Every structure is written in structure tokens, then in C-alpha cells.
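> Protein sequence lines, in the order shown, are assigned to chains A and B.
FYI, my numbering numbers position 103 of the first sequence as 103, with every residue one higher than the one before it.
Quick note: to get my numbering, add 1000 to the position in the second sequence (first position is 1).
Quick caveat, the hints were computed from the structure, so don't treat them as lab data.
Treat the numbers as computed from the prediction; the structure is a model and nothing was measured.
Treat the hints with care, as some may be off.
Said to hold, decoys possible - Label-pair restraints from in silico Cβ distances: (1) A:Val194 to B:Thr1062: 28 to 38 Å; (2) B:Glu1060 to A:Asp54: 30 to 40 Å; (3) A:Glu32 to B:Gly1030: 17 to 27 Å; (4) B:Gly1030 to A:Glu33: 48 to 58 Å; (5) B:Leu1031 to A:Arg81: 29 to 39 Å; (6) A:Ser224 to B:Leu1089: 16 to 26 Å; (7) A:Pro203 to B:Leu1089: 35 to 45 Å; (8) A:Asn102 to B:Ile1048: 55 to 65 Å.
From the three backbone atoms N, C-alpha and C, an ideal C-beta is built for every residue, glycine too.
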Amino acid sequence: MSVKRLLLIGFGIYIGGAVLLLALFGSEGENEEFQPQEEFRLEPWIEINIGGLDLSINRAVFYLFLACALTCGVMVYIARRMQQKPNKVQTAVETLYNLTYNTITRGNMSEQMSKKWFPFVATLFFFIWISNLIGYLPLPTNTHEKVNVFGVELPSFAIYAATANLSIPLVLTLVVWFSYQVEGVRAKGFVPYVKSWIPSGTPKAMRPFLLIIEIISQTVRIISLSVRLFANILAGHLLILFMGGGLGVILGVAALGWITFPLALVFFIFEVVLVATLQAFIFATLTSIYFGEATSAEGH
Amino acid sequence: MLDLLAPIAQAGGGVTDDGLKAIALGIGAGLGSIGAGVGLGLLFASVIESVTRQPEMREEITSIQWLGFALIEAVAFYTFIFGLIAFFL
């Protein structure tokens, strides 16, 4: 069977299926029951209330613990089993070490800062990467919609990423932001550090104006760094949800679910292969750029 | 021409809250893609041109290229988030 024949058959099944579904089921009108927000709802599994703060264990906390355990476990396991002649897994980890140490950390920070902050930057990279990746693995965590298997109520499978909630990227960003501000003040002193925000060579009249803009820009970094990671993962999950049948369910047209399904596959592959790794890389690179910028000896 | 829109809106049930929210989300998510489209086009155009001029710099430029791609893509997501905020809050 030539490639052209296979393509034509595939295309025919695609169009034929859509027409068949449209003819058989047509449109059932808009569906009010399915709410996309419900997919991101966090039901508390173990209620813990300390001093009025809701610290209960829920789905996102479970994913956080899982990401921590995986990150630490995988790295420690590989470190314990290092050999002189590396096998494939060790080579992969060595490549990642080279990426985080040379490209990300040493490319943007001075030698002294690199030695101090490399473990932090590398941990950020691996933690965010693994946290993004396990968000695309279906795990039985949906306690809202249970499934009846042989009389036992089991939570149904769902994909959910810990980083799809604003809290986790926000906490990571706040840690990074406060760290690099403190490092900058420690390296230069408070007033020279704030003065280093203004590019050297600006005329004296423009300086206060530029200082205000730079203060705003430094503060907005908190929002931009966290929302970048959060929105990328959230938008990916929403796209997969809507293309993978959500649109068909909401509008009540079965054929629409069939038609948008290949798009869902494309987005899923795109997200897993590209966006998960890229966003972790971006977060780690920007962290080291901010550190390097804060502690660099010369001006802007 | 604008006074033609009023009877149409009236006939359809008036300008509702839901309709305005839908417009907000659509404009937020839709217009943001213009910036990302232009930016990504410019980025990859310059990558292609510089790799053509100096093929030996390919790897260095590739790592900067991925950094630029993610930062530009993020701007489109900012407007999407603003649209979501307008829709839900």
C-alpha cells in the first residue's frame, strides 16, 4: 500500500466518520451540565485547617509530593550508580548536567555565584520539568467523578498538572525574586544596587523617571515569571480538554468531537515534547539571568 | 451605521452580561495572538538568515532561539489570562 493510498484512506475515514456522526446524532443542543472549571477543581482529600488557613491535602498537593519524590529519587538513584563507562541513562543525566551547569548557570552568572546557586537553579529546572511532565500522565485522582468497578467506587482517571494552578509557580517565583534581590544588595550595597538598575550613560534629568520605570519593571517580573509558566501549562491543558471532546460536549454536536480530535493529539504531542521542557528551561534561564544581572560588577 | 446595530441588539435580547463577557474573552485571547505571530515570524526569520550567513554558529543560535520563542509565546498567554480574568471576575 503506497503512502498516497494510506493517506487517502485515512482522510476518507476522517470525513466519513464526521458525516456519519452528524447524520446519526446531529445536534443535541447546548449542554449546561459540563463546566470546564470543574476539571481544575481541587477537592480536599484530607482536611487540615491550621489557624484558619486551609492546608488540606488535595490533588495538587499529591502531585507536588509526587514531583518532589520523583525528582529526588531519580537523581539520587543515578548518582549512587555512577560508573566509569556510562550507560545510556547516565549519559542522558550528564547531558542534562552540562545543560544546567554550562548553558544555564555559567552562561549567565559569575563563577563564584554559579558555584553557590547552581544546585538551586538545577533543582528548579528538574522540579518544574518533572512537575509539567507528570501533568500529562492520566492518574486516578478525580474524586469528584467516581467510577464503579466491581462495586468499588474508584476515582476516575484525569490529567492535571500541579503547575496548572497559579500558586506553585508563584511560590517558586517569589523565592527566586527575593533571593536575587538579597544577592544584589549583598553584592553591591542597597543604594548602589538600586542605582545599577538605571542604564549607565543616561542624562541626569532622565534618571528619576527611569528609576520609577525600572522599579515597576522589577516588580512586574514576579507576575511575568509566574504567569508565563502557569498560563503555558493551563492553556495546554485547556486546549487538550476542548479539542479532545470538550467542544463537542458543550455544543452537543457529536461530529465536532470527532473532527477536533486529531488537533487534540497534535496539541498533546506538542505540549509533552516541547512546552513542558521549554518552560522549565526558560524559568531556570531567566532565574540565572536575573541573578547575573543583580550581581554583575559593571552597570546595566 | 452604528444606529443600525441597536435594533439588531434589541431583537436578539439586548446587550447581556454574558455577551459582554464573551466579547472580553474573545478580544483578550484573539488580539494577543497578533503580537505573538509577528514576533515569532521575526524571530525565526532572523534565525534563518543568520544561520545562512554563518552555518557554524548554528548551535549557539539555536539555544537563543528557543529562549526567544518561549518569551514571545508567553506574551500571547498574558493576554489570554487577562481575558480569563475579564470573563470570570
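> Range first: 17 to 27 Å. Now tell me if the beta carbons of A:Glu32 and B:Gly1030 are that far apart.
Given about 25 Å between the Cβ atoms, the range holds.
> Taking the beta carbons of A:Ser224 and B:Leu1089, is their distance inside 16 to 26 Å?
20 Å, holds
> Does the hinted range 29 to 39 Å hold for B:Leu1031 and A:Arg81 at CB?
52 Å, violated
> For the range 35 to 45 Å, tell me whether the beta carbons of A:Pro203 and B:Leu1089 fit it or not.
42 Å, holds
> Note whether the CB distance of A:Asn102 and B:Ile1048 lies within 55 to 65 Å or breaks it.
26 Å, violated
> Between B:Gly1030 and A:Glu33, does the beta-carbon spacing fit 48 to 58 Å?
27 Å, violated
> Does the beta carbon distance between B:Glu1060 and A:Asp54 stay inside 30 to 40 Å, or does it fall outside?
48 Å, violated
> Using the beta carbons of A:Val194 and B:Thr1062, state whether their distance is inside 28 to 38 Å or not.
For A:Val194 and B:Thr1062 the Cβ distance comes to about 36 Å; the hint holds.
Violated hints, listed in ascending order, are 2, 4, 5, 8; each of the other numbered hints is respected by the structure.
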